[in-house]
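Student: Combine the two chains into a complex, taking the hints into account.
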Amino acid sequence: MDRKTDLTETSTLSVAIVGSGGSGVVTIGKILLESIARFGLFALMSRSSGPQIRGGESAVMLRIGSSPVDSLDDDFDLLLALDWLNAERFSDEIPITENSLILADPDKGALPDHYNHTANRQLLTPLSELAKSIEQGRANMVGLGVLSSLIGLPRTIVCEAARDTLGQKGAAVLEATLKCIDLGYSETPEERYFAPLSAPETIQPRWNISGNEASGFGALQGGVRFVAAYPITPASEILEWLAPNLEKSGGSLVQAEDELASINMIIGASFGGVPSLTATSGPGLSLMMEGLGLAVASETPVVVSNVMRGGPSTGIPTKSEQSDLNLALYGFHGDAPHIVLSALSIRDCAFTTEWAVKLAETLQAVAIVLTDQSQGQARAVIQPPSRTSLEGKRKLASATEHYQRYALSEDDVSPMAIPGDSNCIYTADGLEHNQQGVPSAMAEDHQRQLDKRRQKLTRFDYGDDWAEITGEGDICLITWGSATGATREAAARLNRAGHPTQVLAVRLLAPLSVERFRQVTGSAAKLLVVEQNHGGQFFEYLNAQRALPQQAQSLAQPGPLPIRPNVIYNRIMQGL
Amino acid sequence: MHGPPPKPPLKAKDYKSDVKPIWCAGCGHFAVLSAITKALAHLSLPPEQVALVSGIGCSSRLPAYTHVYGFHGIHGRALPIATGLKAARDDLTVLVTGGDGDGFSIGGNHFMHACRRNLDLTYIVMDNEVYGMTKGQASPTTAPDWEQNSLTPHGTGLPSFNPAAIALASGAGFIARGFSGDPGGLTQLLIEGILYPGFSFIHVLSPCITYHPEQKEWKQSVHALTENTTADPVIAAQRVQENDRMATGLLFKAPSAQRQGSTQAAASTQQISEQFLVPS
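Just so you know, the sequences run in chain order A and B.
Using my numbering, the first residue of the first sequence is number 1, and each one after it goes up by one.
Using my numbering, the first residue of the second sequence is number 1001, and each one after it goes up by one.
Chain B extracted, bound-state conformation (with noise of 0.2 Å):
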């Protein structure tokens, strides 16, 4: 048989770039964005077929570092970017990456329907409770009472947001939190977000070393979720509430999800033209 050698397995590094990251050393995103590489050479998925997504802040600078198609669009609004991207190529392979400001503050209001669309879309929300970029200031899942920025000199005095209640309550079929000290645990939840064939979303704990150091300490407090995945969003709301938000695993999987079906070009223009026709 003739024609073309096969092709080397792909490697991790065939998924990263030569641009250098701008994240600070010791930064949580250098293990996701990894986890991320290792995930798409598990799955040998083409590089071409491949779209990553993001907004704007530190994680989604991530889709540069990687060589698959990328869009580092504006705050808040990689979700709907990646929406019209997979509605219009239903072939590749969308992949989302940003932080807690970009998809629970400025995009929360995208976050909520892109879990009620339920399109094929790998929502991966790296989260450090604050907004690196613009120096530190409090986000959404930052905790009440934290006083480190002049913004909020007695804190928020919010609670803080809780993202996976609320991708339950939106209707997400697959919700996961995963920890960049755990980059091994993280790939495999990856893995299964990507195969999941609806909406996934999973919640990265990446601790920002620079404005919030205590995150170092998340190693002791990071725990793997003891109980089974479960597949009824009763007692997956139950978990979400009651847990400490820091149990890493598959939280919550819907048996299926639905896959939009592509339509078929049936009419010409010139045809569709015919229904404004005065007849004679």
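Pulled out of the complex, with its shape left as it was, chain A reads as follows (with noise of 0.2 Å):
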């Protein structure tokens, strides 16, 4: 039986709150982020609601601690209900234990029986009677104030965060806000149900930002000026974030009338010599893929990040999801070599989409990141995201009495001509073509150019950010993208229990470094690949790449519930 592995192991704290459309969950949550991060601590909040895009029942989850927070933890904490219309339906999202504290409106209804039969510690507060004595008062802020000063955060750290947070909504709001937060904190009994969160001595500087935004930036630290997109859940926020953003910075924005119209408006600009960017989810990458090809084919490079959700079809598209892996690798007609990134937390989402954007350029490729809904529709507090040091400049033709685009050379990157540059005019073409570019289906020159395309890539030293490999032990997870938070606890918590973990969480997906993945994992008596889709489709490419020995078991779990760290703890520990 699957069970809580130590109640006191770690110092975070989980608040879930609960409520239906309209209600103002989201803005708590916003609101509690801010404040958490203004404190000094680190957090994670995800956002979770019903099916439909906007309306209907939502959710906030939050996990706070002290050092930067990269998975949900197995239950929550503390549960805050504003109502409990459709809250059932958040049951499977948000585990609680008898341990759990739940502060509901004894107005808004009796607690459901699933809810009422296992949290023993029920505290009921009349929020919406008590918003109703202040004018334009909202019980979701009065309940922001309970909530806030049941974990112990300072009164005047939560009222300037919400200040900043609704500054726009005019005085009136904000005064009433103010107020309500206010009528929390005096409302709160002083029982203590938890230890109070407390401030670090030292406060390092911290960023409060979701993974679509950290890939937005990403790509705009990578260089990238151009992006055409179409809209698409759960990956828009980068394109919202990127419209005003690289107007800022001398870029430009086009919202495409289709996918087939985004991939091949990039694969223009880029030709132009303009780094250049599309977001999308697994629907969109589908329809991109003759695209990414001819981007193969003219060595024309471009990144896509592709967000990804639910699948096959429209799937659940506001759900969390690691399985367009296949997609990415495997989507293209033809030999087509290609690098297949993923972000290993909200984080990395920046790092991973700057060194996509630096590895396209430099190599003349396709990039495709896979980062999903958990991490890009996610906000969490961080450390400034780290930065790559490749330069990740393209390799330009000079001029040249028979310049010839596709020419062979030692590193296999043909220098690259710009329009523009009057000694190198030269067509772009997705016709297999000679080295200069003229088309050709001369067997020598499609073996060349084949050799040329895989082998610029297979012969780049992409370095130590290929992986990020932490802990060493006899047994050894191996995981990839957003399972690797949930991989890592399960890893820190096999640790405490006496059975040394190591976790290899992949960045660089393809070209996969064979050599240096069998370094990593040799010696390891255990193996498990852990990654969130219903196919094992990373155990099967690492089978499919002979870099696995025999004995390594595959933990694939599909989406919408995100891996909780005991699922991984109790697989290992049941086969010990």
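No lab work stands behind these hints, which were simulated from the structure alone.
What you are looking at is a predicted structure, and each value in this text was computed from that prediction instead of being measured.
Note that beta-carbon positions come from the ideal geometry of N, C-alpha and C, so glycine has one too.
Treat the hints loosely; a few may be bogus.
Here are the simulated DSS-like cross-link-like pairs (lysine-lysine), alpha carbons at most 30 Å apart as the crow flies [claimed, not checked]: (1) B:LYS1020 - A:LYS452; (2) A:LYS248 - A:LYS169; (3) A:LYS179 - A:LYS169; (4) B:LYS1020 - B:LYS1216; (5) B:LYS1016 - A:LYS395; (6) B:LYS1135 - B:LYS1216.
According to the in silico footprint, chain A covers these stretches of chain B (three or more CB under 8 Å from chain A) [stated by the list, open to error]: (7) 1038-1050; (8) 1081-1095.
Tutor: Okay, structure coming up:
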């Protein structure tokens, strides 16, 4: 039976807030996250809603810690319910235990059976009744006051965070909000349910950012100055962030008529010499495949930021899953070598996207970055992202008598001419071509260009950023993308339980550094590949690459629920 | 005064490459290629400042036959490639070439939206009412009763697509029809289209003598537009619906097209990152 390993093992606190559409759940979450950030702590905040994109019930889930938080916990310490309409829809997503505290409004009805039977600790406060005592008062802000008080956040910090978060809503709304928060604080009982949060002695610089914003920022940092894209959940926030920020940076964004257009638009812009990116999700990436093949054949650098959601088909657009790996790896027709990367956390969305842009530019290649809904649409308080040391500039053509766009060269990267250069005029082509770029169906030309396009990627030295390796031990947990957070936490629990465990989180999925992979995993007695999809796509890929020893096993769990650390922990413990 | 001697004026041949076209002898596209190079020479555009983008099909092979920057892309996607290039590089003169299948069937959605978007592109469609490269299937502009291909043994039975009407309805500001058999008139339309500061659509009747030998008769049926160019979309709509779709000339020209302003870099990424920084 699955059970929590040790209640006192971590110093994190997990809080969930639920309510029906319009009750203001997300506003509580935003102010709370900003308050935690200003207090000097770290946190991860996920959002969840029903299948509809707008309206309907919603929930936010926060995990607060004194160090950066990359995954949700197994269960929640505190649940604030503004009302119970459809709240049971979240019972899978927000597991509670007998130790959880439920904070609810008694005027919004009795606790549903599931919650009533599980949670021994209940605090009933008439949030809406209290809010009525304040002009324009709202129950959610009274709830925020009570919740913040319960977990020990200073009132002044919460009020400042509210002021900056709601500033544009006008003086009257702000005044009512601050009064409601104050009232919440004064209505909180003396009884201590939790050890109050404590601020660290020294506060490091921190960012409050979503995964999609981090991807957008990484793109900008990498040098992207043109974006074309078609709106899609859960990737649209990348575009909404980039549109104004590209403009500030001297770049531009075009909203395309469809994904067939967006991928070809960025190919055109990149041909013009401007580093270019599009963002999409599974259905869009499917439509882009032919265009991506053109970018491979014409050696035009482009980056696709693909924010994965439940599939196939329209699937579960608002929920997370790591199930586009096969498409990203194998979706192309012909032999089409390209780069596939995964972001290992919200913070890493910035680093990996920047790296992707610079790799694409350096190698005149296609780079697909896989992130997912659980990263993209979540916010976190993070340490400022790290930067790649790769310069990431395109190798440009210089004046020559007989310019050959697809010339064979030592590093297999041919100098690229940019329109405006009068000495190197050429035509880019998706038809197989000779070194000059003239269409050719000759066997020798095909072989040479295939070799060149593969070798430029496989011979490049990607350095240490291909993966992140943490810990050491006989047990090796292998993972990628957003599953990294829960996997590392499971490893920490295993280590504390006396089972030394290493985690290999792979950032560069293709081309896979098989030799380095084997060096890391070679001495492990027990190997488990952890990922959030149904088919074990990464496990199958590693086997196809002959990277894994025979005893390696797969833990593949589809979305929409996140992989909880204890699922991984228990899987290992059962096998020992 | 010292300095480099003035360059001799550019001639049409300066815009031609030494790659030999794959087109059949007698194909209308030769004359279109020639008209394009003449128009570029007339405008004295530096070859390195011109880009010619195409999709897939006989006419889409055209960029390789020119000495300007070219992109021979994939079927139906010439307009998106050109849109991205122009949006990112407003300093370039961007021309797009293709056929009726590439532009009106597989690329039909892009055609409408390029008209709407009204970027300063010149889109030249060589319409021969057939898919030549795949050996003679019916295209969107093929007559409904054309039974010469086994894929549609009883004809398509579908009304043929009216490109000028679609362009007008979609918001194109410059709509012209040319004929490969009238290279002088076509060159003039191309010059005007390139100069027009917005999306210009030039529909070129360009016979395929291999799969549509009867198009040799177009010489007799093509006629010059008798009315003056109009800037009134209502009048233009009537013309493109009522006439026999063989009238050449400038069918519609909107008075002014908005040019996209280019943006200037004002903020560094360091400055942009400050929005995420938590105040302490």
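Student: Which of the listed hints are not met by the structure?
Tutor: none
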